[in-house]
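Novice: Take a look at the letters that make up each chain.
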Amino acid sequence: MDWGWQIWVYLWTAGMAGGAFFTGFLVNVFTNWKHQTFFRVSAVTAVPFGIIGVLALLFKINVYRVWHLFVSFEPTAMISIATWVLTLWLTVIFIMFLAWLLEWDAKNNPDKYSYNLEGAMAKTSKVLAWIAFFVSIIMFGYTGVLLANTSVPLWSDTGLLPALFSVSAVSTGIALTIVASLLVNKSGKLSISNDLIRKLADADAVVIVMEALVLTAYVIWLAIIGGAAGTSLSALLTGELAVMFWLGFVSLALLIPIILDLIRHFSKSEGRAATTLIALSVVLTIIGGFFLRIVITIGGQL
Amino acid sequence: MSKAILFDLTKCTACRACQVACKQWNENKAEETSNWGSYENPKRLSSDTWIKMRFIEVERENKFDWLFLRDSCMHCEEASCMVVCPVGAIFKTEEGFVHVDQDWCIGCANCVFACPFDVIHKDHHLNRAMKCSACTSVGYNRLAAGLKPACVTTCPTGALQYGDRDELIANGLAAVDKLKANGHPNAYLYGEKELGGLHQMLVLDDAPSVYGLPENPQLATKDMISNWLSSLITAGAITAIPFWLLFKRKDKIKAENGNKGGA
Chain A
1 MDWGWQIWVY LWTAGMAGGA FFTGFLVNVF TNWKHQTFFR VSAVTAVPFG IIGVLALLFK
61 INVYRVWHLF VSFEPTAMIS IATWVLTLWL TVIFIMFLAW LLEWDAKNNP DKYSYNLEGA
121 MAKTSKVLAW IAFFVSIIMF GYTGVLLANT SVPLWSDTGL LPALFSVSAV STGIALTIVA
181 SLLVNKSGKL SISNDLIRKL ADADAVVIVM EALVLTAYVI WLAIIGGAAG TSLSALLTGE
241 LAVMFWLGFV SLALLIPIIL DLIRHFSKSE GRAATTLIAL SVVLTIIGGF FLRIVITIGG
301 QL
Chain B
303 MSKAILFDLT KCTACRACQV ACKQWNENKA EETSNWGSYE NPKRLSSDTW IKMRFIEVER
363 ENKFDWLFLR DSCMHCEEAS CMVVCPVGAI FKTEEGFVHV DQDWCIGCAN CVFACPFDVI
423 HKDHHLNRAM KCSACTSVGY NRLAAGLKPA CVTTCPTGAL QYGDRDELIA NGLAAVDKLK
483 ANGHPNAYLY GEKELGGLHQ MLVLDDAPSV YGLPENPQLA TKDMISNWLS SLITAGAITA
543 IPFWLLFKRK DKIKAENGNK GGA
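These protein sequence lines map, in sequence, to chains A and B. If you count the first sequence from 1, position 39 lands on 39 in our numbering, and the numbers rise without skipping. Counting from 1 along the second sequence, just add 302 to a position and that's the residue number in our numbering.
Bear in mind the hints are in silico, worked out from the structure with no lab data behind them. Think of the CB as a built atom: it goes at the ideal place given N, C-alpha and C, for glycine as much as any other residue. Check before you lean on any hint, since a few could be wrong.
[Claimed, not checked] Calculated lysine to aspartate or glutamate pairs in the EDC-like style (CA-CA distance at most 16 Å, straight line):
{"id": "1", "chain 1": "B", "residue 1": "LYS424", "chain 2": "A", "residue 2": "ASP2"}
{"id": "2", "chain 1": "B", "residue 1": "LYS424", "chain 2": "B", "residue 2": "GLU359"}
{"id": "3", "chain 1": "B", "residue 1": "LYS556", "chain 2": "A", "residue 2": "ASP195"}
{"id": "4", "chain 1": "B", "residue 1": "LYS495", "chain 2": "B", "residue 2": "ASP525"}
{"id": "5", "chain 1": "B", "residue 1": "LYS550", "chain 2": "A", "residue 2": "GLU270"}
[As the list claims (entries may be wrong)] Across the chosen pairs, the derived CB separations fall in these ranges:
{"id": "6", "chain 1": "A", "residue 1": "ILE256", "chain 2": "B", "residue 2": "CYS317", "range": "54 to 62 Å"}
{"id": "7", "chain 1": "B", "residue 1": "LYS556", "chain 2": "A", "residue 2": "SER251", "range": "31 to 39 Å"}
{"id": "8", "chain 1": "A", "residue 1": "ILE95", "chain 2": "B", "residue 2": "HIS426", "range": "49 to 57 Å"}
{"id": "9", "chain 1": "B", "residue 1": "LYS524", "chain 2": "A", "residue 2": "LYS126", "range": "34 to 42 Å"}
{"id": "10", "chain 1": "B", "residue 1": "GLU359", "chain 2": "A", "residue 2": "ILE131", "range": "54 to 62 Å"}
{"id": "11", "chain 1": "A", "residue 1": "HIS265", "chain 2": "B", "residue 2": "TRP546", "range": "14 to 22 Å"}
{"id": "12", "chain 1": "A", "residue 1": "LEU237", "chain 2": "B", "residue 2": "VAL360", "range": "49 to 57 Å"}
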């Protein structure tokens, strides 16, 4: 198989990293930058996943020739775009981290600097956050376009695969930020409010419903097209990939999280019970997102 | 000057001399194969097999027909492998043939999935994409030496011709006219117009679909804009809606009620 585990991991982690940053930024910007702690946790969590994606890709290509990617720019080649987008994203975020550190230092040592460094760094980091936000949309957006810009019927015939991967990236991204928030709360060093975590879980539930709708449209469209696309679809729905598709993706990423969210909603769970339901739901969402990349990538190569 | 290879299947005896000549000239390894119920051998193209004869069994007008087709790179004018290559390792030679620069390829395999004819394959040991280069590979460049591609030179029946593309189109169309006059109304010159014009053209005695060829092959990136729109509209706009509803709108309502919140 030409595109194996390295590509599954790459598509999954790059999407999830972009989705996590997207989540942290939107929450912060929609609340007039009141959720700065959550945004920082989201950004710090997203970065290692972006790096894992890069490393997974390096395992796939000729590692001694990686530098060829950095002396080329091919606008119609998704891997070239991915190279530059990931590089830009990581660079901007690392500079933003530096601005945060300087802001923190200036805040704690106001006499150290003769000018308002804290204010300057706060403004700088906001500008960088905006840039990284738009880059993160391209970052998780291109993962589906990479597969769609091929001659593989399962990937290219509907035009809906990019949408499916994008929604899944946001869903797994939200889930990742929730996991990070729960771990941060558990460590006791920082605090993310339960109200925020609950709202994030609600947002993820809406995105999961969107994902189910896009998946349904994708499946129906493939069935209508038939031919080679229909054959690949059969492998997904009833053939050799059916277990991974139904149990791995549909159940873990869509059905069970929605059921858990409904239970939480209608039982009016609070405190530990609600946290447990949310934690279980988001972990399954993340695992299910990985199965989506696996079944689609393998399905196109059967 | 634009060059091409013309394959006239009505002259082909499927002796597979072209297959052997390709292997020999390019020093490609033989493959271990097994009988899978067809004279086709090996079963499919690979990084070591750049040309193979395909045997197609069809029933036409209650008669059994055994058809032969040459499988190898079509050297598309609009080459999908070329447009998706992230490092520009795939390019056109001055003759118009599509060439993979083995010293620059990073082995990402994107070209493998972009090709509408499934002719390019990755060598997993060398970590590079391989395919027919119409004998233009560095160190194996017959065209630069004024020779014809090895497969054409070795063809004993004249089923393969090499030359100026325009001349070969005229030859191909004449062969198609003959076929039509001799009871093959669907005869077709494949490659005259497909994908901007192929540099390997095929004289077919029936519709392309009978030979398993795509009727209307498309450039892999033809839907690139709509694919990006599909992705970015969903990613950037639609998935932002729940965030807006749950954070912006609810906070606004809370603020209006004089009941501010935050983490």
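Novice: Looking at the structure, which of the earlier hints fail to hold?
Specialist: Of the numbered hints given earlier, those the structure breaks are 2, 4, 5, 8 and 12, listed in rising order.
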